[in-house]
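Asker: Hey, can you work out the whole structure from these sequences and the hints?
Chains as they are written, first to last, in UniProt numbering: chain Y, 1 to 688; chain P, 1 to 316; chain G, 1 to 227.
Keep in mind that the hints were calculated from the coordinates and are not lab data.
A portion of the hints provided could be inaccurate.
[As the list claims (entries may be wrong)] From chain Y, some residues computed to sit far from chain G (all C-beta separations above 12 Å):
no., residue
1, Glu268
2, Pro274
3, Asp319
4, Lys441
5, Leu457
6, Phe505
7, Asp558
8, Pro607
9, Ser608
10, Asp676
[As the list claims (entries may be wrong)] Calculated cross-link-like contacts (lysine-lysine; reagent style BS3-like; alpha-carbon spacing at most 30 Å):
no., chain 1, residue 1, chain 2, residue 2
11, Y, Lys422, Y, Lys549
12, Y, Lys188, Y, Lys172
13, P, Lys143, G, Lys54
14, G, Lys54, Y, Lys645
15, P, Lys128, G, Lys202
16, P, Lys120, G, Lys202
[What the hints assert, rightly or not] Derived list of chain P stretches under chain G, where covered just means 3 residues or more per stretch with a C-beta under 8 Å from a C-beta of chain G:
no., stretch
17, 70-83
18, 135-141
19, 165-171
These numbers were taken from a predicted model, which means no experiment stands behind them.
From the three backbone atoms N, C-alpha and C, an ideal C-beta is built for every residue, glycine too.
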Amino acid sequence: MNTTGTKSDKKTDEEAPCIVACPIRQDARDYIQLIARRRFQEAYQLVRSRNPLPSACGRICTHPCETKCRRNSTETPIAIAWLKRFLGDNFSEEISKIPIEKYPERIAIIGAGPAGLAAANDLALLGYSCTIFESNSTPGGMLRMGVPTYRLPRMAIDNDVEFIKKLGVEIKYNTTFGTDITFDSLKKEGFSAIFIGVGLLESRTLNIEGVQLDGVIRGVPFLHEVNTTGRAHIGKNVLVIGGGAVAMDCARTALRLKPDKVSVASLESRKEMPTTDFEIEEAVHEGVILHNSVGPKRILGKDGRATGLETLKVKYVFDEQKRFNPAFYDGSESVIDADTIILAIGQASDLSFLKGQERIQVTRSGTLVVNPTTFSTALHGVYAGGDIVLGRGTMTEGMAQGKKAALAIHNALRNTTLKDEKWNNKTAVSDIAPSRIALIKKEQKQEMPTMSSEKRLDNFDEVELGFSINAAVKEAQRCMNCGAGAFVDDNLCVGCLTCVRICPFEVPEIKKGDTTAYINGDCQSCGLCVVECPARAISFKTPLEDQGKDTLQAALQDTFIQGVKPLIINFYCQYGAYNEDKIDTINNLLFFHVRRVGVLGLGKVDPSLYLKAFELGAHGVLVTACKDDTCHFCKEQEWIERRTKFTAQLLSGLGMDARRFKTHFISSQNGKEILDIAFNMIEELRNI
Amino acid sequence: MIENRSDIKSGSNLEKLLRSGKFAVTAELGPPRGADRSAIEKKAKILKGYGDAFNITDCQTAVVRMSSIASGRIVLDAGVEPIIQMTCRDRNRIAIQSDLLGAAALGLKNLLCLTGDHQKFGDHPMAKGVFDIDSVQLIQMVKTLRDEKRFQSGQELKASEPKFFIGAAENPFADPFKFRAVRLAKKIAAGADFIQTQIIYNIKKFHEWMNMVADMGLHEKVFILAGVAPLKSAGMAKHMKHNVPGMDVPDEVMSRMTAASAAKKGKEEGIKICLEVIEQVREIRGVAGVHVMAVEWEEAVPEIIQQARLFPRPTV
Amino acid sequence: MIVAASKPFQEIKQMLSEFRKICVLGCGSCVTICHTGGEKQVAELAAQLRLSAKLEGRQIEVKEDSTLRQCEWEFIDNIREVIEDCDAVLSIACGVGVQYMAEKFPKIRIFPGVNTTFMGGPTEQGIFWERCAGCGNCILATTGGLCPVSRCAKSLMNGPCGGSQNGRCEVSQETPCVWNQIYDQLDTQQLLKTMETIVPPKDWTTGAENHPRKMVLEHLVVKKQIN
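Answerer: As structure tokens, this is what we get:
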């Protein structure tokens, strides 16, 4: 972190916690802010520019961003992942021109999982020709093998991969590293660098009596089979051993094969289970029986077939050093009956591809040793990332390693020091001051529509149905724009204290010894201070906030408006205008005479902009703002009233007819009410 | 009676009466908004014999009227003793001293020293107020001219000094109430010989103030003339209560005037209340006389003075 | 600080009616803080001028600029190019700044966009009160730190007058009677005795009545001409 810079530098060095928390530093806040402004295409492009697998990621990411979301303090975090899925599902980007292969070097990527795909994506964009070698016949790696289709429809993977292929990446399927290709063969083929992202292909097994019995199967192969064929051979009474995400997936997948009963035996207590609450809840909701804090002692069998699991009660799973070291109560044996036992206790590496290769080092747990910043192995030109390095990692952690390795490969090949600024360590905006929480309006999280539980178990269709545009915008508008709000330029601030006095959230302050105001990360981006600052020293950090200026300019530059009379500019609050259908109705009905300039809160609109609208050719200006009871920022009405009154006085001073400038406070920025207002204004202006 | 109270300063009728211990009566005579001396003479004729001296206001409420000094001379010519008034609003210390030398030369002997109503209330609100000095300083300046024969600057007078019987105003009903007697003491220390108070309707509060004045022994150092004024109507009472600064009109007076006005007997009731006030203040220790302010209603003065059994006026 | 109030736009419009190339010039100090002469007001006034001209079918060019203090030769010299390119300048600095501009740019017409009103400060957001009259002879030591020269309607030295009621001034009900405040302050400080003393007529030699006033700091004077 830059600590030698000026005070201003330090102020901007804070980053939204959602972004800091993300392994790939996805611009969560910014794409959400774009959705909030209904700029969906840009939002999609922003996501895609950082994330090669947005559709998949929006579904199965463990979203540490949401864990860190500062909306946790006021009610519930923003549904960041679901919003990304909304973009991935509904928008795409036409690749108008395939990136030119600037460089002659070819890169081999082993494995078409998240790490490999990310590395290939980024290297292709940098200008390299990449070939992915994949042992399966389809791409996605563990996403395809391990994640059930009801959580991740294969179309979501395919769409994302198709995009990467359009960048010029070639994928060779059914090609196993170590047998079909080797280090030597790749070198001979002329590849300048190799990225190994083979993942963990071996399912761990238990070292207990009875594991060899019929009916004892392994989790990932089970999932893979069902994911591929929709079928698997199981009995009537299924027991999954394990407490993680794969265990939940196995249990829920098994349920869809219609056995009599599906149970899960987990070492961990309900709270300790290494997966998200959401997944556990869904599993239980669908009918899975949970046995927590039980350890497997032996698998019981009869005639060579498994009949059940003898368990011991768990004393603790982690020892005092917090290491995985389970201990059991003696004599606490009991039996869970089962004719099928699925082992979902983790994955291990298959390192057979290293045969004859001694330089690459391997850890005790069977992962590859790499340089933590470049992801290069000890073997020159060979890089690795993803689960083969992480052990058990998440999808985004894998992608992050792929991305970092891609940049390192480029730097090594080009002998440059290109940097990705996003990896800089930035301090996350700290938690909202407790005293401020009450000042911030609570905004209810949007519910994710899901398939009813009766329907679910008949098929492998996706359970979560995705946000509508309306829900997505509303959800995105909950975002507090952390770390991208108002910012005081020390060189311009005259210390007048206006911002300190008028902020509804009491954020700006002039600290003891300072001569200028300071606005910290609690800024809610209402923009009142930006407009009122007499020295124009306050601006938004985010480039996404134009305070209506660019929108107005664009609206009035439309050649179509030439000759339209009367032409009305309607400044409206986007917070009060989320209903998709109605907005379209309005735009269609009034399109001829009215141009709408939407702003997230009219408190950030400078009265000069109303004058500007007239200057640029509008015949009337209609301001429609929300009433206080619906105001996202709680009390902007008063300010908007003052400013519009001031503007009205000014205009009448210039001899302008009062009917040309109207302000209305209405509960919704759509619907009949606003239609009536606009039509009346059109009629009135016609009569002037 | 202590020494300085018997030591004649100006030789005016008012001064002599007060020093001889007689209960004095003063009243107000507003100069006209024009150059017609007959208007003054007419008023003087009405008032003559019904008071010992008459205040000639100095552009009261900052409205332009004939000058107090010029009017004073006309009044004197009509055989009535004037009390000229001087405010600090329109003149700086140079003009004030100059005019006072002239006033003395014209034979005017009683002078009431005031800061003056703010120009904002008058007919020329855009005028620049002077306020070079304040009333306390004015009193002191007049006393210095008279007793030390020096101008305010300290320079000596080259010819005879103006000998004024120096008056000042005090409002017992203004805030801070506790300071009001102290402020009176300041005016006495500055050189005031007599005091005319703000119009009294709230006898209780006036009494309270007089007690403080007496406790400080001030009533023995200065002649206090209690200000009274007949109300004409409920409307005027209301105006006095709410719009005239420093005026205290109790609810009881308000309701009496409201009832009387309703019965078209406002003037009668107003005079009745005025007489009651005179009756009561006469009983208060330290009250040396009354000052009747019948603004633009000079005709009421003879009736009041007669009914208050203050007629005929004594001579000295 | 110096507090200035915006001039009515009609007056400004009238002053500038014959000019085609106008610069609205803000000042980054006192008048910025009192919200009448900062960059925000520059933008607002410029927008008004442009719109006003458009409505009247006139072609004008309005530039927007600002400088840290218009009452410094060097700071206004920094914007010489912008100024000399205009027919007229609407200076929204206090009267000091306007005059500096007029002296520095004798060929350009400089117009005042604000009415310089008083020295004071904000007592709450958006409300400014006079606090000092610049009398050149400060008496705050004897009045509990509250100024009767600037805050008493009649600049009384021996107040409060008979018009003080309920802590308000007779001249305006919204104005606190400063002498009442002085009384309370001195009461708190157990210095009420001070008010028993007659304060003699004030020496106004140093006051506004003797302008133009001048101050020379001998130890800082340098020979170099800065204008």
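Asker: Could you work out which of the previously given hints the structure breaks and list their numbers from low to high?
Answerer: Hints 8, 9, 13, 17 are the ones this structure does not satisfy, whereas the remaining hints hold.
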